[in-house]
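Got chain G; can you put chain W on it based on the hints?
Protein sequences appear in the order of chains G and W.
Just so you know, the first sequence maps onto residues 131 to 546 in the numbering used here.
Just so you know, the second sequence maps onto residues 131 to 546 in the numbering used here.
It cannot be assumed that every hint is accurate.
[To be verified] FRET-style restraints, in silico, Cβ to Cβ:
#	chain 1	residue 1	chain 2	residue 2	range
1	G	Lys-207	W	Lys-275	18 to 24 Å
2	W	Asp-300	G	Lys-146	37 to 43 Å
3	G	Pro-145	W	Lys-226	22 to 28 Å
4	W	Leu-272	G	Lys-407	39 to 45 Å
5	W	Lys-356	G	Pro-145	54 to 60 Å
6	G	Thr-396	W	Lys-366	55 to 61 Å
7	W	Glu-524	G	Asn-519	53 to 59 Å
8	G	Glu-184	W	Lys-255	32 to 38 Å
9	W	Glu-534	G	Glu-470	33 to 39 Å
Treat the hints as calculated values from the structure; they're not laboratory data.
Positions of the beta carbon are idealized from the N, C-alpha and C atoms, including for glycine.
Number of protein chains: 2
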Amino acid sequence: MKQSQLFTKTQRNAPKDEPSVNAKLLIRAGFVDKLMAGVYTLLPLGLRVMKKIENIIREEMNAIGGQELFMPTLQPKENWLKTGRWDAMDDLYKVKDKSDRKFALGPTHEEIIVPLAKRFVNSYKDLPFAAYQFQNKFRMELRAKSGILRGREFMMKDLYSFHLNQEDLDSYYEKAKTAYFNIFDRAGLKDQTFLTFASGGTFSKYSHEFQTATSAGEDTIYICSKCSLAVNKEIKPEVKTCPECSGKDFREEKAIEVGNIFKLGTKYSAPFDLAVKDEKGEKKTLIMGCYGIGLGRLMGTVAEVYSDEKGLSWPESVAPFAVHLLSLNKNEEAEKLYNELTEKGVEVLYDDREASAGEKFADADLIGISYQLIISEKTLEENKVEIKNRKTGEKSFIKFNASEIIKYLNLGKHAQ
Amino acid sequence: MKQSQLFTKTQRNAPKDEPSVNAKLLIRAGFVDKLMAGVYTLLPLGLRVMKKIENIIREEMNAIGGQELFMPTLQPKENWLKTGRWDAMDDLYKVKDKSDRKFALGPTHEEIIVPLAKRFVNSYKDLPFAAYQFQNKFRMELRAKSGILRGREFMMKDLYSFHLNQEDLDSYYEKAKTAYFNIFDRAGLKDQTFLTFASGGTFSKYSHEFQTATSAGEDTIYICSKCSLAVNKEIKPEVKTCPECSGKDFREEKAIEVGNIFKLGTKYSAPFDLAVKDEKGEKKTLIMGCYGIGLGRLMGTVAEVYSDEKGLSWPESVAPFAVHLLSLNKNEEAEKLYNELTEKGVEVLYDDREASAGEKFADADLIGISYQLIISEKTLEENKVEIKNRKTGEKSFIKFNASEIIKYLNLGKHAQ
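The shape of chain G in the complex, shown without the other chains (with noise of 0.2 Å):
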């Protein structure tokens, strides 16, 4: 895309009421824009974000037979009365319609799932099976004030899962931990990111999180210094020694929750009667599993772990663009090669408008994005590209030429 006609523009400053690092980052860089606190818009540079995020979610989610489905916003009190929540739930935003029949906006999803699974589990062959959706959720969240990590609306990717017995759910619930690691190592968040301990809820003791250390985190964790698991903060008073290898040397880390998953028994699929017969004949209520992650939350994350006091500086893999091609005075070899790797599928972001080399820098280290390509009379002169590292900074000339650029950057992944 040519940066002269992305209609947004980074901005020298954030807004005053905007406390939070990742979100006055994003601001500046144009990949947001702050409505009102807890709620955003997704500029195209976010969105483009936001969309890498997701496919890596959905292609883990599929990797564990989740299906994608798409369920409503707008929802029956009935079903909210059913589970207790809709009394029981401080944040639920409820809305009635001119017949005065009132709605949640839905903060989550299993009033929904289970009366639908009902509808199409007969029998116990149907089991198991896992659903998952990416969707707006809704939570009346009055202090938001951690920027895109936590919002009033905000994208979610939740998955449910039914089982027959707690067997199958243990099982498949590992397997819901292994993705989830894929997920938050492919978003680049590997090194940082710990699965935590934490207040269970209803059917298990504990639940687990996963959470990424950083210093904008709301949550305090303890992580082994042995295995590498952690404890949060809320469950460290009764949990002396570490759960998996009895390890007693933890460190302290603030850490933002990336995700969560449940076990929830038969928390929901009692109320609403979800059940089958067994091979036996005996009727079993369904177990089951939910799994979650905020979309925006990992972005503000990640945000929040990969920048500097330049700007953003996004893993690869959910960058908005693969380059950045800035053409110093050079719009028409740098249109040559704009046009070039573009066909080959190479997403690239060509800063081809009126400006300084000092401005044209300035935005490309704010933007973030993984490798920048400048092409100036200087590199035109011997026939190259500089090719710059926008998070080590390490500069490389390159033939001018996009296949030799493709091979060097190991684009091959990305482009077609």
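Frame of chain G; chain W shown alone:
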């Protein structure tokens, strides 16, 4: 995908409270589930169709320079007061938080994109531009009787364009018109869809609708027998001759409005004072256009147009899978072909269930994938596969070989 693993199933009967043909069929075939009047879950098969439609629209929007973004559902009351629509719009869902701050659930996004544009447009040089999104919209429809054609919550593509003057809008508007024709052509509705003059609103005498002729339509249009332009019943009394060719001979048809495009003028830019100085230094309020397509409505329209007494019969471009592979007690051989086709990038729904041939045929006809590949003892005797065209019923026998099948069905364009 293996059909034995699909958690949804076909149903013999549609819900009794579902009056519309599109929803009846889509529910029976397992594409959608009705949560309540006007609110549907997209099940895995339905979501696949929706994503195909979304991609067609995305390609055509990108081709006319549209930049994709994603705006919030929760919209501040203040923005809606500014345009006067907080009180004027009868079907607006309103919601409030604990501090009694009020929001609209976005039924459309002028109130959001105009102040957003104001932050980035500083000069006439920033014009024109156009931005679009795919997003769930909310409208308080109390008489939601047309299945997925008219929802309280519905997926919509909305494009907004911004211009310095009327001429520029006029020229972009023609491009958008062409893009819309491309979309409906690609979705299989070319022969049934007519550009239709309708009431215009504030700034232009008429707006344009795209109406698809079908007996399920809620609208009535009059199609010029000479040039195929149509006129909506609502303005026909004042339009005696065809606005395009002055023809006087019209035929009446029921039709579904699958898209509409509007010249908004300064209706929304003026209240937010979205203006720039032109080349002469004169202040100019921006001229806008807006362009909508309801994706669920388009899917429902295709379902109405492409169905028969046996069920759905999707055009290839939007079918949930490219082929439906039916194994008649020959799962070993069928699985081999399934794996080969899948590896070559063909989207296959593979009916590997333990079910009778009759049940498999009936389900395949109900689900309506364009081509059925049938593998039975009989076809294998001659080392062949039977290929049935769902729409025409035409049968062919092709060599039992993935490449031959891909070549015969011209699936190369879908496959890798």
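Structure-based check of all given hints:
The given range of 18 to 24 Å is respected by Lys-207(G) and Lys-275(W), whose C-beta atoms sit roughly 22 Å from each other. A hinted range of 37 to 43 Å for the beta carbons of Asp-300(W) and Lys-146(G) is consistent with their spacing of about 41 Å. Distance hint check for Pro-145(G) and Lys-226(W): the Cβ-Cβ separation is about 24 Å, which falls inside the suggested range of 22 to 28 Å. In this structure the hint that Leu-272(W) and Lys-407(G) lie 39 to 45 Å apart at CB holds, the actual value being about 41 Å.
Between Lys-356(W) and Pro-145(G), the C-beta spacing of about 57 Å keeps the proposed range 54 to 60 Å intact. A beta carbon spacing of about 60 Å between Thr-396(G) and Lys-366(W) agrees with the range 55 to 61 Å that was offered as a hint. Between Glu-524(W) and Asn-519(G) the C-beta distance comes to about 57 Å, which sits within the given range of 53 to 59 Å. Checked against the hint of 32 to 38 Å, the pair Glu-184(G) and Lys-255(W) passes, with Cβ atoms roughly 34 Å apart.
With their beta carbons about 36 Å apart, Glu-534(W) and Glu-470(G) fall inside the hinted range of 33 to 39 Å.
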